[in-house]
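Visitor: The residues making up each chain are set out below.
2 protein chains.
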Amino acid sequence: MSIKEPKIIRNKQEMRNWSRSMRSQGKTIGFVPTMGYLHQGHLSLITESQKHTQLTVVSIYVNPGQFAVNEDLSTYPSDLLGDIEKLKSLPNGVDVVFNPQNLYHYGEFGVMRRNFKDEKIVSCLEGEVGFGHETWVRVENLEKGMCGMSRPVFFRGVASVVAKLFNIVEPDVAVFGKKDYQQWKIIQRMVRDLDFDVKVIGSELMRDEDGLAMSSRNVHLSPQQRKQALSISRSLFEAKSAAKKGETICSELRRSVIECIEFAGGKIDYVEIVDQESLEAVEEIKNGVVVCIAAWFGKVRLIDNMEIDAS
Amino acid sequence: MSIKEPKIIRNKQEMRNWSRSMRSQGKTIGFVPTMGYLHQGHLSLITESQKHTQLTVVSIYVNPGQFAVNEDLSTYPSDLLGDIEKLKSLPNGVDVVFNPQNLYHYGEFGVMRRNFKDEKIVSCLEGEVGFGHETWVRVENLEKGMCGMSRPVFFRGVASVVAKLFNIVEPDVAVFGKKDYQQWKIIQRMVRDLDFDVKVIGSELMRDEDGLAMSSRNVHLSPQQRKQALSISRSLFEAKSAAKKGETICSELRRSVIECIEFAGGKIDYVEIVDQESLEAVEEIKNGVVVCIAAWFGKVRLIDNMEIDAS
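Those protein sequences? They're chains A and B, same order as listed.
If you count the first sequence from 1, position 255 lands on 255 in our numbering, and the numbers rise without skipping.
If you count the second sequence from 1, position 36 lands on 36 in our numbering, and the numbers rise without skipping.
Pulled out of the complex, with its shape left as it was, chain A reads as follows:
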């Protein structure tokens, strides 16, 4: 059985031309955007995409637009060659890896420059007034809470880069992991509100054997921190179990989760129990909710979530 070598494309127009050529031959295209350093969670997104389309494009691009200057852009892990080997190992392979050098390069007029002048929170992409990138897609309500509070440029960075990628790759289907639940909801809403003709699929969160939600950032955890971080997933399973047994008061469920994580040495960023559609906090479980957590173990910020559907 031959191993499929993905075509590596770095140029925007070349990527678009490939998609258009495939479409003109009647093929359907699935798309999985990633920041690389691929793990089993990413691979499951690709497998999901292949259920829906004939061809698959995976993008690998660490997007500066979604990192604030005080965040971990410079330490985000990468391993392109390792990523390509992992993609080749998939049963159906991957057709294209889109790996642009700089999505914000627009010719002589579009240099990416950093601007600390105003001391306000800026992304790693802020340029001076003039010719730098300045267009952002805002999904104004869904981006407010949870990660939107602690990472103020994150969701506008994600929505904007996904809009760019959709305009370059022109996929029929795009798959996002439900581990980044708020991100998935935001992309769904952006696609609906801006009439992108892309079917957005949320793929189930994947956990390592010990329960830790798979994430590229897990590589930064020391063995001890990893053990402590298991409190996140453990507290989520316990919350779900309690809810199934009849505990519907969210303040109680939140309290248990917070205690569990803090006892293990984690620093809570947020613990929220929110409506699955609107992401608004609820006081009592009536409709489907999702318990969302962000917590620090050392310098590593981890997120996780668990849906609790209406009984």
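Because the hints were derived from the structure by calculation, they are not lab data.
These figures come from a predicted structure and were not determined experimentally.
Some clues are possibly wrong.
Claimed, not checked - Okay, derived cross-link-like pairs now, DSS-like style, lysine-lysine, Cα gap no bigger than 30 Å in a straight line:
| no. | chain 1 | residue 1 | chain 2 | residue 2 |
| --- | --- | --- | --- | --- |
| 1 | B | 27 | A | 27 |
| 2 | B | 86 | B | 51 |
| 3 | A | 199 | B | 199 |
| 4 | A | 27 | B | 199 |
| 5 | B | 244 | B | 267 |
| 6 | A | 178 | B | 12 |
| 7 | A | 179 | A | 7 |
| 8 | A | 12 | B | 286 |
| 9 | B | 199 | A | 7 |
| 10 | B | 7 | A | 199 |
| 11 | B | 88 | B | 179 |
| 12 | B | 144 | B | 178 |
| 13 | B | 12 | A | 199 |
| 14 | A | 12 | B | 240 |
| 15 | B | 12 | A | 51 |
| 16 | B | 267 | B | 299 |
| 17 | A | 4 | A | 88 |
| 18 | B | 27 | A | 199 |
| 19 | A | 144 | B | 51 |
| 20 | B | 144 | B | 240 |
| 21 | B | 199 | A | 12 |
Fit chain B to the known structure of chain A by using the hints.
Guide: Below, chain B without anything else, positioned relative to chain A:
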């Protein structure tokens, strides 16, 4: 010679299917978005589009997303049947008129509702948190000055509806009038920054015989107000003439313009002399600038502009 009857399409998917069908036959598509009540200025955009593409789509849609609740959405003029007759009168006609009823209707979850709760400036589109439209495209620097000051929701409304229309119509080329200079620049920048594969063309401003810049809102001027409003174009021609004769100090040029309009009874919203690319105000004419004016005559707000290229 037969008169071409445009196909009227109201449904998003039908519009998209038409474009894809044409493209699969190798045709190119030009697009002119309008709010209807068409005048010679609009028709010149269509003629411009036809120089570049084989087929032309004109959208007619009064977009609530770009009107604040205290603006003139309810009195914006419309005459769809008259518009269609004008389109039929063009030498090459128009292939499609896209005339949706509500671009913000997304099924049961997407009802347009008004929200005055917070008393902040909202568009006529603001819904409650939940399922109403909430995605906006922000071109953050270009939208700041001039009309962005006096009409705080305007440019995000325009950029967002144009993004939607581009995703529905999927044109190769789109034509915008330079009478709305800041709008044109914003759309150019949005297309560049979000990688829309659309060629944006700015078409020269058209004036009536008496010099008044063509605008759908001119219909609201009384005969006397129209005479007074000629001060706008007159002052622009005088400013350009003075600049050609060597006056490069912008405060002087602005002063003359302001005097001329106020003497005629106009209420100035703004007079700015800005760089053609960045739209930032300049103190002295060195590179290409554009003189931009917004002024009220009675209840009618008129805008106009004139480029002064570098000598």
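Visitor: Sort out which numbered hints this structure fails and list those numbers smallest first.
Guide: Of the numbered hints, 8, 14, 19 do not hold.
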